[in-house]
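S.K.: The primary structure of each chain is shown beneath.
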Amino acid sequence: MKRILVIDDAATVRLYHRGILESAGFEVSEAVNGLEALERLAEGPFDLYLVDINMPKLDGYGFLRELRAKDMPQAPAIMVSTEAEDNDQRRAYASGANLYLVKPAKPAQLLAHVLTLLGARHSA
Amino acid sequence: MNALLNQFLTEGRDFLEAIGAKLLELERTTDPGPLIDELFRLVHTLKGNSGLFDLPEMTRVLHAAEDLMDAVRDGRLEFSRELADQLLEAMDFVSLLIDEIAEGSDDGQPPRTSHHATDAARLGAALRGFLGGELTATSGQLPASSEPSAAGGGWSLAADGQHLPEAVRMAVQARLTAGEALCWVRYRPEAECFFKGEDPFFQIMQLPEVLWRQVGAVASWPPLAELDAYRCVLEFEVIVCAALEALVEHFRYVPDQVEICSLASASAATTHGNTTATTTADSTRLSAEALESIRVVLEAQREILALTDTPAWFSGRLRAVGATLLGILATLERDPVASGLETALEAALATDSGTYLLRWLDHQTWPTAHAAPAVRAAIVTPAPLGQGAGAPRASDESVKFGRRADDQLATNRTLKVDQSKIDRLMNLIGEMVVAKNALPYLAARAEERYGVRELSREIKAQYGVINRIAEEMQDAIMQIRMLPVSFVFQRFPRLVRDIAHKLGKEVRLIMDGESTEADKNIIEALADPLIHIVRNSLDHGLETPEQRRAAGKSPEGRLTISSRQESDRVLIEISDDGRGIDPTVIRHKAYEKGIIDETALERLSDQEAINLIFAAGFSTAEQITDLSGRGVGMDVVRNAIARVNGTIDLRSRVGAGTQLRLSLPLSMAVTNVMIVESAGQRFGVPMDAVAETVRVAQRDIRLIKKRLTTVLRGRLVPLVALNDLLALDAAQLANDDDELAVLVVRIEKEYLGIIVDDCRETIDIILKPLAGFLGNLAGYAGSALLGDGSVLLILNPRELL
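These protein sequence lines map, in sequence, to chains A and B. The numbering of the first sequence is full-length UniProt numbering, which starts it at 1 and goes up by one. The numbering of the second sequence is full-length UniProt numbering, which starts it at 1 and goes up by one.
Think of the hints as simulated: they come from the structure by calculation, not from any bench. Treat each hint with caution, since some may be false.
Some residues of chain A that are not near chain B, with every Cβ distance over 10 Å (derived) [stated by the list, open to error]:
1. LEU41
2. ALA42
3. GLY44
4. LEU58
5. GLY62
6. ASN87
7. VAL102
Covered by chain B, according to a simulated footprint, are these stretches of chain A (three or more residues, beta-carbon under 8 Å) [claimed, not checked]:
8. 5–12
9. 70–77
10. 105–114
With a straight-line cut-off of 20 Å between C-alpha atoms, the simulated EDC-like cross-links for lysine to aspartate or glutamate are [as the list claims (entries may be wrong)]:
11. A:LYS2 - B:GLU333
12. A:LYS57 - B:GLU89
13. A:LYS70 - B:ASP352
14. A:LYS70 - B:ASP309
15. B:LYS502 - B:GLU458
16. B:LYS436 - B:GLU458
17. A:LYS57 - B:ASP31
18. A:LYS70 - B:GLU346
19. A:LYS70 - A:ASP59
20. A:LYS57 - B:ASP14
21. B:LYS502 - B:ASP37
22. B:LYS416 - B:GLU333
23. A:LYS57 - B:GLU38
24. B:LYS705 - B:GLU750
For each residue, glycine too, the CB sits at the ideal point set by N, CA and C.
One chain only, chain A, in its complex shape (with noise of 0.2 Å):
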């Protein structure tokens, strides 16, 4: 089973994330931080990470750096954020993130970005 770590520091955001994920019968992690989810990476890697910006102690920018320098197998990280400026994105991609959706993504929507980064097949 595909499993994605859903890094966020709104329990509320993390649950709204994990119900989607879950229905489309993921195995969903949660970190509350950056620095969390780079702990949680001692369990191996996941198979997608989806990523909030703003964060305590360490926010998604940095985390995916860290993430991304870590020579383990890479997998595709969905940016999460609430800013739509063309900047944070160009930062997002910047820091390592495959992808950049606008908080809150549409159920559907992320699921079928997440199909598509997971290469999971859309349709039976």
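Position chain B relative to chain A; hints supplied.
M.R.: Then chain B, alone, in the frame of chain A:
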């Protein structure tokens, strides 16, 4: 209530509290940088959360607050007290909305809060006022303007060439770039729609995230006299941020009256809702959404590869892009080796450059996202977006927030539990204690009535076991109910700040021992009295900066609130370094108000005089302000504290300040009472009040000024008969030696003897307040159920006498 909404409300309250605390901290700190960052993050996250729901009023205010904090963070705006005031007000508003939502939500959907729209607009405008001329983005809150923009060209709707206002056009463009699904909808309700129970306006208002809206007339308006109010002559046009499928679902009852056009791609595919199910030519098996997603993801990878920076972890970026492209290939069911992706990735890694991957991307043929038939197919038979055939379909409506047991939760070890659940546990253990107390009765009956001593002993042994478990359980539940005093203290920083501003005083609040714990009931009972005391201190105790300077004090007054535990009591001290209480003034006031007589005026010590402010109807303020209020004096405070078996002690020195000390029990769930008998009935008296029980011979009781008294250990103690107090028509019974049973109670350092017929054992009971018609019966603290099933009324000596 829906789990997500519940989570949002709980977390929202935490955020609001943190925001409030940070704002106050900001006014004191010398290094505001990190605090401002933190504040921005809090407001930002809260706004993000609110965006998950249809809460336009809340989102609007939070959005404005976020923009404001952003400006402060970037140094475009100076943080000021006015700004803090405005932000605090905005957060109060959000707090109010959260409370309303919490109360009004029963079907899992947040209730409408549109009646607050005016307030939201006002607060939003006030917040944005600080930003001055700065142009602020208001995505999601665009005004529903119907003015066509003069600026033509560029992006326009193919559907009918309708031009949009510039701001909307830009927002639409931005959203499309961000990969969101946008649709244009025209809804032309039937003229007779009202007779079919349709509500076109409601339909439109129910749409989520509307970017732009316009209402127009289908034909030119007829003269007013000919207008038929029962016919719908309107048409609605909206641009909404939602997937085509969702909109088709939304308008499912009026498919023939709607036109929906997806703006997701440049060559917008127009569809009419009344299209009958067209079977798609099976040119592509992927849904429009999947194709769109692939296009967006590919576009993003191109951008990433085109970046010119080369960080130390560059290979990580390349490998991540490689993984992403692999995902896309798998989605399209293409072979990564045959397509040359792996070769390209290796070459890219070897040269430390994205060029090879970019080139590979350009040489592949990618499906185009906007094949109109595919879109149509998606509407008619929405392809299940699951993994494998059995996966549940995920759409905007059908998302379930289920959890599997094997999922680890990244949560801390604290559990948030609803208060009512703990109360329920408490009630249950109360019943359990009572039920368990029936066992000794049973044992006694087994022995006395049925003569089975053996069984009686066994019952008693079993009782011992159950008793121990029940006691431990009770203790454990009591522990859960313990709350830190910070529950009450936390509102003081804000309260003190606001009141001090209002009064033009400078006050420094020092709090200590906020983590001291006590039972929830005690803490809750403490809230109002404490607030009153603090207000009094600010209003009457502390002086204005000028007065303080004249008195040789620093202009900033000090208010200290501290709390600590001492054996089984919680002590709370509130002290200020204000003007203190002048006993002479109190004496004269009390005399004028008729609280004391002339002899007392002379005789009272200073401390006794100061204690007079606890007397009913005493108010020291020369003029009643709107802060300390009218009539609610210190007597109310004292009574509130006394109700939870607390005491209050006041010390004051003129010119140096006042100190109030509250002493409260840690818990009040279990009360130890002594059972007394009078006129054939049993009553309980709380043991806290009982000083001793004695037998007094009839002949030692004397009448002094028509009052019964006796001498106990060299002290004169007044006596009253319980039957008289309770208006029971019977004389108190003496024992065979002609002695009366006297219960000596202590009330405020005074002793008083209550004559009863007999004193019995003491027991632990769960005190329940009298409810209903008996609720306001003075003299009783409540009732308790006894082990034999009878009800014991518990007296409250303080009120009784």
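S.K.: Would you mind marking each hint as holding or not holding in the structure?
M.R.: A quick look at each hint next to the structure:
1. LEU41: Per Cβ check, A:LEU41 is outside 10 Å of chain B; nearest 13 Å; holds.
2. ALA42: holds, 13 Å
3. GLY44: holds, 13 Å
4. LEU58: Label holds. Min Cβ-Cβ 13 Å, cutoff 10 Å.
5. GLY62: holds, 12 Å
6. ASN87: holds, 12 Å
7. VAL102: violated, 5 Å
8. 5–12: holds (count 4)
9. 70–77: holds (count 6)
10. 105–114: holds (count 7)
11. A:LYS2 - B:GLU333: holds, 18 Å
12. A:LYS57 - B:GLU89: Measuring from Cα to Cα gives roughly 29 Å; hence the hint is violated.
13. A:LYS70 - B:ASP352: Distance ~16 Å between A:LYS70 and B:ASP352 Cα, so the pair holds.
14. A:LYS70 - B:ASP309: Between A:LYS70 and B:ASP309 the Cα gap is close to 18 Å, so the pair holds against 20 Å.
15. B:LYS502 - B:GLU458: violated, 70 Å
16. B:LYS436 - B:GLU458: holds, 14 Å
17. A:LYS57 - B:ASP31: Roughly 18 Å separates the two Cα atoms, so the pair holds.
18. A:LYS70 - B:GLU346: holds, 18 Å
19. A:LYS70 - A:ASP59: Within the cut-off at roughly 17 Å; holds.
20. A:LYS57 - B:ASP14: holds, 18 Å
21. B:LYS502 - B:ASP37: violated, 29 Å
22. B:LYS416 - B:GLU333: The given pair, whose Cα atoms are some 47 Å apart, is violated under the 20 Å limit.
23. A:LYS57 - B:GLU38: holds, 11 Å
24. B:LYS705 - B:GLU750: holds, 19 Å
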